[in-house]
Amino acid sequence: MKWQTPPRLEELYTCVMDALEKRGYRVEIVSYPTSHDKRSIDLLAASTTKNIFIKVVEDLKHIDNREASELRGLSTVLDAHPLIVAEKEGGVELDDIAAYEKHGLYAVNVRGLEAALENSIYVVKRHGNFYMRIDSEKLREFRRMRGLSLGDLAKLVGVSRKTVYEYERSSMDVSLSTAIRLLEVIGDEIFKPIPVLDSQEKPVKRSTKRMSVDTVAERKIILQIEKRGGKAVHSRHSPVDIGVKLAEKKAVVIVEHKHDTDIGLRSEEAVKIAEASSAEKIALVRRSNLRKDLEALGYDVVRTPEELLELVVGEGEKR
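Going by my numbering, the sequence shown opens with residue 1, and the numbers climb by one from there.
Read the hints as simulated data drawn from the structure, not as lab findings. Check each hint, because a few of them may be wrong.
Claimed, not checked - Derived DSS-like pairs: lysine-lysine, alpha-carbon spacing no greater than 27 Å straight-line:
(1) Lys231 to Lys192
(2) Lys250 to Lys220
(3) Lys272 to Lys249
(4) Lys125 to Lys61
(5) Lys155 to Lys192
(6) Lys249 to Lys220
(7) Lys220 to Lys231
(8) Lys38 to Lys88
(9) Lys88 to Lys125
(10) Lys249 to Lys292
All chains should be built: construct the whole structure from the sequences, respecting the hints.
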């Protein structure tokens with residue numbers, strides 16, 4: 001398939017894939033939607049311990065909240081880690097040793113990705129400022145081993161006693177200027193890495209009156225999954241129509257829409273996401289002529305939302 005992707009982005013894809021494959025990840029390219037600008041997920045990286053859903057852009061300014069929300073939501077329900085890989089932010093090259101926060105997600109450049117895979121990024125840029133993260137336990141241990149009071153350490157670092165107390169209560173991000181003072185007084189062991197590939201974002205609360213869906217069937221599926229304590233995320237910018245998680249079960253759902261001309265391509269690309277996340281594949285379709293091809297791709301094919309819900313929650317309810 002011919003990607004609708006600028007040449008520089010194709011080069012960036014290759015660099016990202018090389019970095020991941022060198023560390024044992026299996027990488028797949030997501031080619032739906034066919035236009036790069038309309039996709040929320042470009043690459044899938046899977047290993048024995050971790051799955052990563054990745055959006056690749058040249059400049060972070062090209063990422064909008066809609067794409068980020070889908071990337072975060074699908075990653076949450078399918079047990080993957082969302083990540084953005086970019087070269088620039090507002091035309092300025094990203095720093096190799098820093099992660100950047102964008103719409104609640106972490107972003108890195110290719111060298112930053114290599115560092116993140118080794119859990120060795122210690123700087124994060126947020127709202128225009130750089131921060132480092134204190135390891136509260138090591139700070140507390142340092143102070144006690146040297147017989148320093150909170151006030152003593154506060155004077156050495158140049159902050160208030162209350163601030164040191166807060167540092168020791170929980171791991172906090174501190175400004176780069178404060179981090180440099182801590183580095184001079186204590187050393188680099190006082191800092192902990194930024195969890196670029198280990199953070200789990202909380203799902204976004206959604207008003208059902210404003211639920212973004214394309215069909216009544218999709219709305220019904222999402223509401224019923226959530227009613228049973230599960231999570232369901234609707235997507236318009238990936239091959240998946242709904243990502244579902246209920247207890248230990250995960251499912252990738254595609255739904256036939258009115259005048260649906262690309263369900264064949266969507267279903268093929270959604271298989272990649274399902275396999276990367278070890279999720280079941282379910283297709284809700286009306287046309288009987290679609291069944292054979294979908295079943296050949298490994299989908300459980302149903303005709304109604306009720307049948308779909310029975311597949312996802314039926315066994316649990318019977319118990």
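Here's how the hints hold up against the structure:
no. : hint             : result
1   : Lys231 to Lys192 : violated (31 Å)
2   : Lys250 to Lys220 : holds (18 Å)
3   : Lys272 to Lys249 : holds (17 Å)
4   : Lys125 to Lys61  : holds (15 Å)
5   : Lys155 to Lys192 : holds (23 Å)
6   : Lys249 to Lys220 : holds (19 Å)
7   : Lys220 to Lys231 : holds (13 Å)
8   : Lys38 to Lys88   : holds (19 Å)
9   : Lys88 to Lys125  : holds (13 Å)
10  : Lys249 to Lys292 : holds (25 Å)
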